[in-house]
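Asker: If you want the building blocks of each chain, they are given just below.
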Amino acid sequence: MYAQMIKTAGTGVKSREEMTEQERAFQDKIDADIKIEPKDWMPDDYRATLIRQIGQHAHSEIVGQLPEGNWITRAPTLERKAILLAKVQDEAGHGLYLYCAAETLGVSRDEITEMLLDGRMKYSSIFNYPTLNWADIGAVGWLVDGAAIMNQVPLQRTSFGPYSRAMIRICKEESFHQRQGYDAIRKMAEGTPEQKKMAQDALNRLWYPSLMMFGPSDKDSVHSAQSMAWKIKINTNDELRQKFVDQTVPQAEYLGLTIPDPDLKWNEERGHYDFTDPDWSEFYDVVKGNGPCNVDRLAARNKAWDDGAWVRDGLLAHARKKAAAKVAAE
Amino acid sequence: MKNEWPLWEIFIRGQHGMSHRHVGSLHAPDAEMAIKNARDVYTRRNEGVSIWVVEARHIAASSPSDKGPLYEPSESKVYRHPTFFDIPDEVGAM
Ligand SMILES: [Fe+2]
Ligand SMILES: [Fe+2]
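These protein sequence lines map, in sequence, to chains A and B. Counting from 1, one number per residue, gives the positions in the first sequence under the UniProt record's numbering. Counting from 1, one number per residue, gives the positions in the second sequence under the UniProt record's numbering.
Treat the hints with care, as some may be off.
[What the hints assert, rightly or not] Dumping the calculated DSBU-like pairs for lysine-lysine here, alpha-carbon to alpha-carbon at most 35 Å:
#1 A:Lys322 with A:Lys303
#2 A:Lys29 with B:Lys77
#3 A:Lys231 with B:Lys67
#4 A:Lys7 with A:Lys219
#5 B:Lys67 with A:Lys7
#6 A:Lys322 with B:Lys36
#7 A:Lys326 with B:Lys36
#8 B:Lys67 with A:Lys197
#9 A:Lys197 with B:Lys77
#10 A:Lys7 with A:Lys288
#11 A:Lys187 with A:Lys172
#12 A:Lys321 with B:Lys36
#13 B:Lys36 with A:Lys172
#14 A:Lys231 with A:Lys39
#15 B:Lys67 with A:Lys172
Think of the hints as simulated: they come from the structure by calculation, not from any bench.
With the rest of the complex left out, here is chain B (with noise of 0.2 Å):
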């Protein structure tokens, strides 16, 4: 335990200007080494074109037991959809 490298979340931005998407971790001394690494370990075909790391205790999280007051609010609000808006044919593409 001692002296274990610390974890590191990686993120890669894939081909199609797709935003930075989380791929999974690893664990290394720093972050050039992160970056070394994920290379080898996170797009060995192709899966990016650009990497960001992050080492894993900066990262807050939300708490599972939030899940209600955070996310049921949004369920009830369906105006926020555009389905939610009957749009007459004549009106053509909306």
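With the rest of the complex left out, here is chain A (with noise of 0.2 Å):
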């Protein structure tokens, strides 16, 4: 998922009786799925959650274009890199549609973006790995868009108007990315056998970073009570990571691929396959900012952002002296 603990603004779920008469009325058409819109009524806390939520998930749209952008001008043919372009491409949409979600919720594109720059603001910890190889970006596509997906078909229903319709548009353009990953990845595992050395390598390294993108462990999450009340959470974060275990386990074996865990088994009983969980402790540390590439990706991002100054400051003037020669005009 692409926010990972955000932390929930307020005190908790309330009982009704603790509630104002407006809180009622507001908690009334979230239970009865009547959408909650920017002129609405809505708790400041609904509100503040509400910015980071979205924000942070904007924020891993943009970010996550980085380790993918790395490799369009290496793309092994012209038709992967056309795809991998379009895909870039994509992200860079999905993270424009959630910006101007947040800032429906009061908070502007500038302050938003400068939270993010100066470290305010989070985004997936998964961004935080490097792509060391082609075979990276297979698993990319198959593993971390597959993983968003888990997370965003559910929040489609979300209970604000505008990140739910931020997310229906963007599930519409995610399968692709999955479908584009798992099928560069296969012309690898069926390739030679150092191509197929390679998929299985990214495998084994994207593996346990990609069950961190549901987040910390339900019995470590203490604000999800409140934000599943208010529909702006949906599942718990495991889940969704038995989901995408589920779901991802037979994609592997189909490509001939072991995932890197010797516990992982189907439990008849459950259902479920059983799986070993992530190494917390590197999840928190990559959070704090101790990953791999979190230098990296937040000097990418604040050098595009001064670099791009003059550009925003040059169309701005020009625009306005085209308006002031228009009113002359007049």
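Two chains, each in its own frame: build the complex with the hints.
Answerer: So, in structure tokens, the structure goes:
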């Protein structure tokens, strides 16, 4: 999931008696699946939590372009290059849809951008891992976009209208992302022994970071109850992680690749795979800023923002000049 | 904040003779760039054949608190729907 460990604002779920009349009416709407729209009344904590969540999601789409963008010029064929370019361009679009949804809550684009650039807001931990070779690009589409879809499909039903509409649009585009990734890694898994080895190596390195995308284990994620009552979180982290594992294992088997977890096995009684949790100390370390690429990623975003300043200012100055000339001519 | 590009609302008309529909918004310095950006952000998969852009500050919207007075009156006017009227079978399609 692209929004991990979102701290829910407020003091937790209130009972109906504790709620003000306004809060009760608000919760009734959510319970009846009536969307909350930007001009509707909403609790301050709902607004604050959503800005964090949508913002982190948007930042993930934008920073997520970096590990893949790294391979556009080195894609093995022109077709793969065109596909990857289209995929990365989609991710830019996803970031923009989500920033606009966040802006309807009263935060400006510059404010939210600056919060990413100075580290006050986070993006998904997964993008702090490197893409070392072409097999990684296949694995990213297959696993990372696959995990993102798991989280985004239920969020189409989220209570905040603009967020829900952005998720619907995004989900329409995501399936292509996962399929192109699976197709790319399949080519390698079915290729020469060296290529297959690269595919296996990519899976080995990206498996646990992908599982981390769903956030900490339910027993350690303290703030979910309120977010679930508000329907801005639909499933628990562990539910989604399990669903992802169940879906992905047969896909790896088809490729003849081995999930790097010796304890992974089908549990007949549960009807799910048992699997090993990721190393949570690594996860917290990456979130804190100590992953292999944290510094590079933020430096790249800051450089892009600073290098683009003269373009943003120049175009705006031009637009103002043109508008003034038009007024003068009238 | 000082030099943020204004926000534009984007409307796209699809292939099949439908009217322009609101699809989202984006930032751009002027209308020309808003159309160019809208083409990249909102029509990557043949979603449209025509784009309208309107600066968001020019849009006036009804207020959520007016919902009752504005829309409830139509709820009781069931005769505005064709199914309100019984037409004898003998009359044929109508
Ligand atoms: Fe995306
Ligand atoms: Fe994607």
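Asker: For every hint, state whether the structure bears it out.
Answerer: Taking the hints in turn, this is what the structure says about them:
1. A distance of roughly 29 Å separates the Cα atoms of Lys322 (chain A) and Lys303 (chain A); the hinted pair therefore holds under the 35 Å criterion.
2. Proposed proximity of Lys29 (chain A) and Lys77 (chain B) is supported: the alpha carbons are some 25 Å apart, at most 35 Å.
3. A C-alpha spacing of about 23 Å is found between Lys231 (chain A) and Lys67 (chain B), which places the hinted pair at or below 35 Å, so the restraint holds.
4. At most 35 Å may separate the alpha-carbon atoms for a hinted pair to count; Lys7 (chain A) and Lys219 (chain A) meet this at roughly 15 Å.
5. Simply put, Lys67 (chain B) and Lys7 (chain A) have alpha-carbon atoms about 33 Å apart, close enough for the 35 Å limit, and the pair holds.
6. Restraint check: the Cα-Cα separation between Lys322 (chain A) and Lys36 (chain B) comes to about 17 Å, which is no more than 35 Å; the hinted pair holds.
7. A distance of roughly 21 Å separates the Cα atoms of Lys326 (chain A) and Lys36 (chain B); the hinted pair therefore holds under the 35 Å criterion.
8. Taking the CA atoms of Lys67 (chain B) and Lys197 (chain A), the gap is about 62 Å. The hint is violated against a cut of 35 Å.
9. Of the supplied pair hints, the one linking Lys197 (chain A) and Lys77 (chain B) is violated, its CA atoms being roughly 70 Å apart against a limit of 35 Å.
10. Simply put, Lys7 (chain A) and Lys288 (chain A) have alpha-carbon atoms about 15 Å apart, close enough for the 35 Å limit, and the pair holds.
11. For the hint linking Lys187 (chain A) to Lys172 (chain A), the alpha-carbon distance of about 25 Å falls within 35 Å, and the restraint holds.
12. Simply put, Lys321 (chain A) and Lys36 (chain B) have alpha-carbon atoms about 20 Å apart, close enough for the 35 Å limit, and the pair holds.
13. Under the criterion of a C-alpha separation no larger than 35 Å, the hint pairing Lys36 (chain B) with Lys172 (chain A) is consistent with the structure, at around 22 Å.
14. Only pairs whose Cα atoms come within 35 Å are accepted, and Lys231 (chain A) paired with Lys39 (chain A) is accepted, the gap being roughly 18 Å.
15. A distance of roughly 32 Å separates the Cα atoms of Lys67 (chain B) and Lys172 (chain A); the hinted pair therefore holds under the 35 Å criterion.
Checked against the numbered hints above, the structure breaks hints 8 and 9 and satisfies the rest.
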